[in-house]
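Model the full structure from these sequences, guided by the hints.
Chains as they are written, first to last, in the working numbering: chain Y, 1 to 96; chain P, 1 to 184.
None of these hints come from the bench; they were simulated from the model.
Any given hint might turn out to be false.
[Said to hold, decoys possible] Each pair of labels, with its calculated beta carbon distance range: (1) P:His-28 with Y:Lys-95: 38 to 46 Å; (2) P:Ile-81 with Y:Lys-74: 41 to 49 Å; (3) P:Asp-63 with Y:His-90: 43 to 51 Å.
[What the hints assert, rightly or not] In silico negatives: residues of chain P with every beta carbon more than 12 Å from chain Y: (4) Leu-43; (5) Ile-81; (6) Leu-108; (7) Arg-110; (8) Glu-114.
[Unchecked claim] Calculated Cβ distances over 10 Å to all of chain P for the following chain Y residues: (9) Pro-5; (10) His-46; (11) Lys-59; (12) Ile-60; (13) His-90; (14) Glu-91.
All figures in this text were calculated on a predicted structure; none of them were measured in a lab.
Using N, Cα and C, we set each Cβ at its ideal position, and we do this for glycine too.
Each chain, written out:
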Amino acid sequence: MRLTPKQIETILSAARIVFGQETEVWLFGSRADDTPRGGDIDLLIHPAHPADGQTLARKIRFLGLLERDLGERKIDIMPGDQRPIVQIAHETGVKL
Amino acid sequence: MTAPEIHALQHAYTACLTHEEVLREALHDLNQRGLTAADPERLSKEDRRLLDQFAYRYTRLQDDMGARFMPAALRAMDEEIAAMPMVDRLNRLEQLGWLPSAEGWLDLRRIRNEFAHDYPETPQERSIAYSSRSLLHARGWVFWTTSPGRSGSAFRKCGSSQIRAKSNGLHQHKNVTKISDNFR
Numbered sequence: 001m002r003l004t005p006k007q008i009e010t011i012l013s014a015a016r017i018v019f020g021q022e023t024e025v026w027l028f029g030s031r032a033d034d035t036p037r038g039g040d041i042d043l044l045i046h047p048a049h050p051a052d053g054q055t056l057a058r059k060i061r062f063l064g065l066l067e068r069d070l071g072e073r074k075i076d077i078m079p080g081d082q083r084p085i086v087q088i089a090h091e092t093g094v095k096l
Numbered sequence: 001m002t003a004p005e006i007h008a009l010q011h012a013y014t015a016c017l018t019h020e021e022v023l024r025e026a027l028h029d030l031n032q033r034g035l036t037a038a039d040p041e042r043l044s045k046e047d048r049r050l051l052d053q054f055a056y057r058y059t060r061l062q063d064d065m066g067a068r069f070m071p072a073a074l075r076a077m078d079e080e081i082a083a084m085p086m087v088d089r090l091n092r093l094e095q096l097g098w099l100p101s102a103e104g105w106l107d108l109r110r111i112r113n114e115f116a117h118d119y120p121e122t123p124q125e126r127s128i129a130y131s132s133r134s135l136l137h138a139r140g141w142v143f144w145t146t147s148p149g150r151s152g153s154a155f156r157k158c159g160s161s162q163i164r165a166k167s168n169g170l171h172q173h174k175n176v177t178k179i180s181d182n183f184r
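This is the structure we're talking about:
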């Protein structure tokens with residue numbers, strides 16, 4: 001995994017502020033393995049609270065917090081649901 | 001300001017006005033059809049067209065304001081922007097009183113990025129359009145607003161009375177409120 005401990009802490013802290021204390025975050029995509037390639041950060045979020053129509057607002061807020069601390073870079077956030085790609089993210093990803 | 005710079009500002013302004021108009025129409029029609037976040041599964045062909053129109057024009061307005069209109073406006077105010085990264089330009093515009101909030105603009109840009117999402121389309125992602133509506137309403141402003149006084153002085157500098165006249169029509173806070181009210 002190619003995130004520093006500080007970056008991981010930033011991501012988890014922001015996710016818990018925005019989505020709730022019990023929120024789980026997976027890192028997948030190119031940053032989850034150790035090959036030095038790619039600058040994107042792909043995150044899978046399992047929010048603590050059920051969807052309340054505020055998903056987009058929360059996602060935007062989360063991105064804002066991350067960009068402030070991690071700088072401007074491509075961050076993709078995927079909400080956890082039943083799609084096959086979510087399963088793939090779990091299988092290939094790393095829980096933060 | 002040079003003649004090409006004046007034209008650039010004028011063209012960018014006209015383009016953004018068109019995007020705004022079509023975006024507003026799409027939002028109005030979506031509102032009329034009473035679509036809510038619960039409906040994404042049952043989209044008709046017309047609903048899909050409206051959502052596509054909304055997404056396209058929202059994206060274009062964001063992009064053209066950020067890449068064309070804002071730089072041209074800053075140049076019109078004699079700001080040296082060649083080496084200025086986007087965030088600095090936004091902060092400068094906020095300082096000058098042109099943007100209510102640089103961070104607010106970044107939020108609107110993040111919404112724009114949502115429409116270009118990499119992952120496969122889902123009912124959830126289609127519902128982004130509905131959420132965007134309510135988010136835009138919550139923000140209270142969709143478009144770049146500024147006081148008529150400031151826009152007047154900036155456009156006087158570029159010597160285009162045509163733009164000044166149009167700008168006073170667009171950049172009234174009450175127009176923005178009216179737009180938001182429609183999408184409650």
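C-beta pair Asp-63 (chain P), His-90 (chain Y): status relative to the range 43 to 51 Å that was hinted: violated, 34 Å
Verify this label for me: Leu-108 (chain P) is non-interface relative to chain Y, using a Cβ-Cβ cutoff of 12 Å. violated, 9 Å
With respect to the beta-carbon atoms only, verify the hint that His-28 (chain P) and Lys-95 (chain Y) lie 38 to 46 Å apart. With Cβ atoms ~44 Å apart, the hint holds.
Quick one: work out the minimum CB distance from Glu-91 (chain Y) to chain P and report holds if it exceeds 10 Å, violated otherwise. Holds: least Cβ distance 16 Å, greater than 10 Å.
Say whether it holds or is violated: Ile-81 (chain P) keeps its Cβ farther than 12 Å from all Cβ of chain Y. holds, 17 Å
Lys-59 (chain Y) remote from chain P - nearest C-beta pair above 10 Å: Contrary to the label, Lys-59 (chain Y) does not stay out of reach of chain P, its closest Cβ about 7 Å off (not over 10 Å).
Exclusion check [Glu-114 (chain P) not at the chain Y interface, CB over 12 Å]: violated, 7 Å
Confirm or reject the statement that Pro-5 (chain Y) sits farther than 10 Å, beta carbon to beta carbon, from all of chain P. holds, 26 Å
Minimum Cβ-Cβ distance from Leu-43 (chain P) to chain Y exceeds 12 Å: holds, 18 Å
Evaluate the condition: distance from the CB of Arg-110 (chain P) to the nearest CB of chain Y exceeds 12 Å. Check fails; 5 Å does not lie beyond 12 Å.
The output says Ile-60 (chain Y) does not contact chain P. Does that hold with a beta carbon cutoff of 10 Å? violated, 5 Å
Is His-46 (chain Y) truly not at the interface, in the sense that its beta carbon sits beyond 10 Å from all beta carbons of chain P? holds, 14 Å
Going down the numbered hints, you'll see the structure goes against 2, 3, 6, 7, 8, 11, 12, while the others check out.
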